[in-house]
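S.K.: What follows is the residue order along each chain.
Number of protein chains: 2
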Amino acid sequence: MTFLGYTRLMARIAVTDGMAKDAVTLLEESGHEVVLGTIGAEDLLNGALSEFDAIIVRSATKIPAAVIEATSDRVRVIGRAGVGVDNIDIEAAAQSGVPVVNAPRASTQSVVELTIGHLLSSLRHIPRSDRGLRNGQWEKKAMKGTELSGKNLGLIGFGRIAQGVGTVAQALGMDIHTYDPYLPPKVAKAQNTILHKNVDTLFANCTHISIHCNLNDETHHLVNAKRLAMMPGRSNDGIDCGNHIVNCARGGIIDESALLEALETGVLASAALDVFEIEPVPADAPLLQHENFHGTPHIGAATMEAQARVGRDIALAVMAVLDGKKCETTVNAHLLD
Amino acid sequence: MTFLGYTRLMARIAVTDGMAKDAVTLLEESGHEVVLGTIGAEDLLNGALSEFDAIIVRSATKIPAAVIEATSDRVRVIGRAGVGVDNIDIEAAAQSGVPVVNAPRASTQSVVELTIGHLLSSLRHIPRSDRGLRNGQWEKKAMKGTELSGKNLGLIGFGRIAQGVGTVAQALGMDIHTYDPYLPPKVAKAQNTILHKNVDTLFANCTHISIHCNLNDETHHLVNAKRLAMMPGRSNDGIDCGNHIVNCARGGIIDESALLEALETGVLASAALDVFEIEPVPADAPLLQHENFHGTPHIGAATMEAQARVGRDIALAVMAVLDGKKCETTVNAHLLD
Numbered sequence: 001m002t003f004l005g006y007t008r009l010m011a012r013i014a015v016t017d018g019m020a021k022d023a024v025t026l027l028e029e030s031g032h033e034v035v036l037g038t039i040g041a042e043d044l045l046n047g048a049l050s051e052f053d054a055i056i057v058r059s060a061t062k063i064p065a066a067v068i069e070a071t072s073d074r075v076r077v078i079g080r081a082g083v084g085v086d087n088i089d090i091e092a093a094a095q096s097g098v099p100v101v102n103a104p105r106a107s108t109q110s111v112v113e114l115t116i117g118h119l120l121s122s123l124r125h126i127p128r129s130d131r132g133l134r135n136g137q138w139e140k141k142a143m144k145g146t147e148l149s150g151k152n153l154g155l156i157g158f159g160r161i162a163q164g165v166g167t168v169a170q171a172l173g174m175d176i177h178t179y180d181p182y183l184p185p186k187v188a189k190a191q192n193t194i195l196h197k198n199v200d201t202l203f204a205n206c207t208h209i210s211i212h213c214n215l216n217d218e219t220h221h222l223v224n225a226k227r228l229a230m231m232p233g234r235s236n237d238g239i240d241c242g243n244h245i246v247n248c249a250r251g252g253i254i255d256e257s258a259l260l261e262a263l264e265t266g267v268l269a270s271a272a273l274d275v276f277e278i279e280p281v282p283a284d285a286p287l288l289q290h291e292n293f294h295g296t297p298h299i300g301a302a303t304m305e306a307q308a309r310v311g312r313d314i315a316l317a318v319m320a321v322l323d324g325k326k327c328e329t330t331v332n333a334h335l336l337d
Numbered sequence: 338m339t340f341l342g343y344t345r346l347m348a349r350i351a352v353t354d355g356m357a358k359d360a361v362t363l364l365e366e367s368g369h370e371v372v373l374g375t376i377g378a379e380d381l382l383n384g385a386l387s388e389f390d391a392i393i394v395r396s397a398t399k400i401p402a403a404v405i406e407a408t409s410d411r412v413r414v415i416g417r418a419g420v421g422v423d424n425i426d427i428e429a430a431a432q433s434g435v436p437v438v439n440a441p442r443a444s445t446q447s448v449v450e451l452t453i454g455h456l457l458s459s460l461r462h463i464p465r466s467d468r469g470l471r472n473g474q475w476e477k478k479a480m481k482g483t484e485l486s487g488k489n490l491g492l493i494g495f496g497r498i499a500q501g502v503g504t505v506a507q508a509l510g511m512d513i514h515t516y517d518p519y520l521p522p523k524v525a526k527a528q529n530t531i532l533h534k535n536v537d538t539l540f541a542n543c544t545h546i547s548i549h550c551n552l553n554d555e556t557h558h559l560v561n562a563k564r565l566a567m568m569p570g571r572s573n574d575g576i577d578c579g580n581h582i583v584n585c586a587r588g589g590i591i592d593e594s595a596l597l598e599a600l601e602t603g604v605l606a607s608a609a610l611d612v613f614e615i616e617p618v619p620a621d622a623p624l625l626q627h628e629n630f631h632g633t634p635h636i637g638a639a640t641m642e643a644q645a646r647v648g649r650d651i652a653l654a655v656m657a658v659l660d661g662k663k664c665e666t667t668v669n670a671h672l673l674d
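Chains as they are written, first to last, in the working numbering: chain A, 1 to 337; chain B, 338 to 674.
What the hints contain is simulated information worked out from the structure, not anything from laboratory work. Fair warning: there could be bad hints in the mix.
Below 16 angstroms or equal to it, Euclidean Cα-Cα: the simulated EDC-like pairs (lysine to aspartate or glutamate) are [stated by the list, open to error]:
{"id": "1", "chain 1": "B", "residue 1": "LYS358", "chain 2": "A", "residue 2": "ASP240"}
{"id": "2", "chain 1": "A", "residue 1": "LYS62", "chain 2": "A", "residue 2": "GLU279"}
{"id": "3", "chain 1": "A", "residue 1": "LYS226", "chain 2": "A", "residue 2": "ASP200"}
{"id": "4", "chain 1": "A", "residue 1": "LYS140", "chain 2": "B", "residue 2": "ASP354"}
{"id": "5", "chain 1": "B", "residue 1": "LYS399", "chain 2": "B", "residue 2": "ASP380"}
{"id": "6", "chain 1": "B", "residue 1": "LYS478", "chain 2": "A", "residue 2": "ASP217"}
{"id": "7", "chain 1": "B", "residue 1": "LYS399", "chain 2": "B", "residue 2": "GLU616"}
{"id": "8", "chain 1": "B", "residue 1": "LYS478", "chain 2": "A", "residue 2": "ASP255"}
{"id": "9", "chain 1": "B", "residue 1": "LYS477", "chain 2": "A", "residue 2": "ASP17"}
{"id": "10", "chain 1": "B", "residue 1": "LYS526", "chain 2": "B", "residue 2": "ASP577"}
{"id": "11", "chain 1": "A", "residue 1": "LYS141", "chain 2": "B", "residue 2": "ASP354"}
{"id": "12", "chain 1": "B", "residue 1": "LYS399", "chain 2": "B", "residue 2": "GLU370"}
{"id": "13", "chain 1": "A", "residue 1": "LYS62", "chain 2": "A", "residue 2": "GLU42"}
{"id": "14", "chain 1": "B", "residue 1": "LYS358", "chain 2": "B", "residue 2": "GLU370"}
{"id": "15", "chain 1": "A", "residue 1": "LYS144", "chain 2": "A", "residue 2": "ASP240"}
{"id": "16", "chain 1": "A", "residue 1": "LYS140", "chain 2": "B", "residue 2": "GLU616"}
{"id": "17", "chain 1": "A", "residue 1": "LYS226", "chain 2": "A", "residue 2": "ASP255"}
{"id": "18", "chain 1": "B", "residue 1": "LYS477", "chain 2": "A", "residue 2": "GLU279"}
{"id": "19", "chain 1": "A", "residue 1": "LYS189", "chain 2": "A", "residue 2": "ASP200"}
{"id": "20", "chain 1": "B", "residue 1": "LYS399", "chain 2": "B", "residue 2": "ASP423"}
{"id": "21", "chain 1": "B", "residue 1": "LYS399", "chain 2": "B", "residue 2": "GLU428"}
{"id": "22", "chain 1": "A", "residue 1": "LYS141", "chain 2": "B", "residue 2": "GLU616"}
{"id": "23", "chain 1": "B", "residue 1": "LYS662", "chain 2": "B", "residue 2": "ASP674"}
{"id": "24", "chain 1": "A", "residue 1": "LYS21", "chain 2": "B", "residue 2": "ASP577"}
Whenever a hint applies, use it, and build me the whole structure from the sequences.
M.R.: This is how it looks when you write it as structure tokens:
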């Protein structure tokens, strides 16, 4: 068909975990066929993807090496409508010559806002206070909290999201400490943060810590009993504010049994999680019932704005590859020939 | 006794609603006698304050005209360890020549942070999500929210607290609309906000509104069914985010039955209250059980930092008056001779 003055082949694109309507329209109006609907794990292993030129997933559809090996050469690109690609074997894809593209910027602001919301909810006991009101209790004295202003916030990982969190936290009067061995030190310095070469010194200096790194062998259980015990409990401004952890990045970076123990012993004053070692988190997990814990069901990117942006971004990225163009959000570019 | 090189009389100061230890020490080390402890309403009406040179209260102790009339001339100053003086008849105090001083700056940052926490908790369903997790539910799809970024935040009243909220909300990407008939317009303009001369146009322009004014005849039920119905529901950036109200100022400014009806009909997508028309809020109030409501038990100033600052500030203000100096936080200065 003809589009924007040149001829190209229509592609057949599987969208397996849903997509914003505007993004589907964008793909279709660009001349592609969009097939919406879940594809089961067994069908994937039996080569169901072979009928498509491209596949766009979120986190629900898993694409391990076996699925890629079972797929014909027809698939030319895998799109992840979001950031994390732990559900896709990007090395196996590269070995088959398939670029994996993602949409890393779309959810940044949404995760930034959720992180700040969790921090403030912890420090001011918002979910706990609300639980009390619903149970007919007016626990004004028990709900005394502390301010974020004047405290040290440690950010583990200092990519786009952490930088956004840092900006808002600075507006709230916090001092920012950072640890990110993969980022040029000038990035941390440009935002007036204190950069740590060792994650242990970040723990030793910060009463408040938020996680913003990927999950991998290096970061698995990076937050453990030993490091939690290093946190100072008293802030630089002399307030016994206790220690506070937030994780809106990936489950598994925090050792959840160590986290629960730290809440029980008072090493931690609060913990707020959007992500868990097992998701959905088991309903009988004791952590969920601790009064100084609160959580959300992995909703960092679950906003209307992020979903609209992610759909548009991934549609454009997938179409770029189908058109034979280079896509700058190709996460396995370094593994492709 | 001698202090700082001059002679003065020791004052006897009643502190009836508690005070941070450091502030009590400050009064005592300045040579005053501090008497800590509640004084019952009946004792107050029988002139119990006559034994003191000064009294420092928070909000629990009520000082109506009858209490002031029953009190001897010995009392030279009434201190309110906090901001709002609705529990003190400041006109009656002025008629008896007694200055009423408060500590308006001490809790500013704490209320700013709670307000932002409530806004983010509403928009991302934090208390509701946590309730779900505790009940064994993983309601990822139902918890889709919206970003604050790109939305219009209307601030009713633009004093210290609202200005602080505005600064943080601007860092989050919000556009700020303000209404404050008692403030020089240059204050609103200096912070790049859109100043409204009529509160109705603020409602018509803002999907998000936060209250930061005093409670008086003019502001009683300022937020009512008619004005809630004016809110646009759709943001400037085209997102159907719904309408959201936060009140960390004073109960009674919002008509709570209109608020509940607006939640039930969907005119409001969320409401977050730290203050209520009746406090403690009645345990059977239907508002408390609405899934899009969440609340806290009047804890705006309930932080370690605010309590330390408020104690110090009110101790200094009361001692200034006792020393015959002018105190700039005298709330009935305009009524005194």
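S.K.: The structure should be examined with respect to each hint, and the outcome stated for every one.
M.R.: Going through the hints against the structure:
no.	hint	result
1	LYS358(B) / ASP240(A)	15 angstroms, holds
2	LYS62(A) / GLU279(A)	14 angstroms, holds
3	LYS226(A) / ASP200(A)	9 angstroms, holds
4	LYS140(A) / ASP354(B)	14 angstroms, holds
5	LYS399(B) / ASP380(B)	12 angstroms, holds
6	LYS478(B) / ASP217(A)	30 angstroms, violated
7	LYS399(B) / GLU616(B)	14 angstroms, holds
8	LYS478(B) / ASP255(A)	26 angstroms, violated
9	LYS477(B) / ASP17(A)	14 angstroms, holds
10	LYS526(B) / ASP577(B)	29 angstroms, violated
11	LYS141(A) / ASP354(B)	12 angstroms, holds
12	LYS399(B) / GLU370(B)	22 angstroms, violated
13	LYS62(A) / GLU42(A)	11 angstroms, holds
14	LYS358(B) / GLU370(B)	14 angstroms, holds
15	LYS144(A) / ASP240(A)	12 angstroms, holds
16	LYS140(A) / GLU616(B)	11 angstroms, holds
17	LYS226(A) / ASP255(A)	11 angstroms, holds
18	LYS477(B) / GLU279(A)	11 angstroms, holds
19	LYS189(A) / ASP200(A)	19 angstroms, violated
20	LYS399(B) / ASP423(B)	9 angstroms, holds
21	LYS399(B) / GLU428(B)	14 angstroms, holds
22	LYS141(A) / GLU616(B)	14 angstroms, holds
23	LYS662(B) / ASP674(B)	15 angstroms, holds
24	LYS21(A) / ASP577(B)	15 angstroms, holds
The structure fails hints 6, 8, 10, 12 and 19 (numbered hints given earlier, in ascending order).
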